[in-house]
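Trainee: Chain by chain, the residues run as shown.
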Amino acid sequence: AQKITQTQPGMFVQEKEAVTLDCTYDTSDPSYGLFWYKQPSSGEMIFLIYQGSYDQQNATEGRYSLNFQKARKSANLVISASQLGDSAMYFCAMREGGTNFGNEKLTFGTGTRLTIIP
Amino acid sequence: KAGVTQTPRYLIKTRGQQVTLSCSPISGHRSVSWYQQTPGQGLQFLFEYFSETQRNKGNFPGRFSGRQFSNSRSEMNVSTLELGDSALYLCASSLLGQGKLFFGSGTQLSVL
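As given, the protein sequences belong to chains A and B, one line each in that order.
The C-terminal residue of the first sequence carries number 118 in the working numbering, and the numbering is unbroken.
The C-terminal residue of the second sequence carries number 230 in the working numbering, and the numbering is unbroken.
Please note: incorrect hints may appear among the correct ones.
Below, computed lysine-lysine pairings styled on DSSO-like, alpha-carbon distance capped at 30 angstroms [said to hold, decoys possible]:
1) K218(B) - K16(A)
2) K16(A) - K70(A)
3) K73(A) - K175(B)
Hint data in this document are derived by calculation from the structure and do not stem from the laboratory.
Model the full structure from these sequences, guided by the hints.
Mentor: As structure tokens, this is what we get:
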């Protein structure tokens, strides 16, 4: 079974609108971390946001927020007020196991290609 | 603070050759992990190093190997290159206990 599922291969959004990118995950480990990365056409993988499984509040980083619904195993990325520079591939990823122990192995989803229309 | 640095940015090799890729983590980060990205298989974990020890390994053949030096810099080596090894190789570093992983710009390897 896939551990990370991103069901939207591509999305087109009007500039300045809010965007929600979907991500569901599957794990039996009570301790895990969820990540979102942006990959523009240049190839670099840009860290956007991180949510730990024990974090009480949804993570936010500037225009990015993570809508974490633990019971539904959902970790959607919300981008407020989209900009042309947001056009890129977006990957959801999960690390199983606690951070203090280490184990920095990420499992990635297949990604969503977001295109912002002027 | 400088980010994760990977060199070289691009590489072209022929089948049967070997290649070494380099990764310098963010200053203070002691964990370095490597990933392969291809259009067909997506992003796949190769291996992870912490304090010069390999802690975790993905499902790749023994032709893929790596190491980490005392200054946390890491190298990965691929021997006897195959056409299917053409990929973007990404390196990530993290600070133990912080949770976040930061990636470099990657090395694009083309095997002809």
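Trainee: Work down the list of hints and note, for each, if the structure agrees.
Mentor: Consistency of the hints with the structure:
1. K218(B) - K16(A): holds (28 angstroms)
2. K16(A) - K70(A): Distance ~29 angstroms between K16(A) and K70(A) Cα, so the pair holds.
3. K73(A) - K175(B): holds (26 angstroms)
Every hint from the earlier list agrees with this structure, and none is contradicted.
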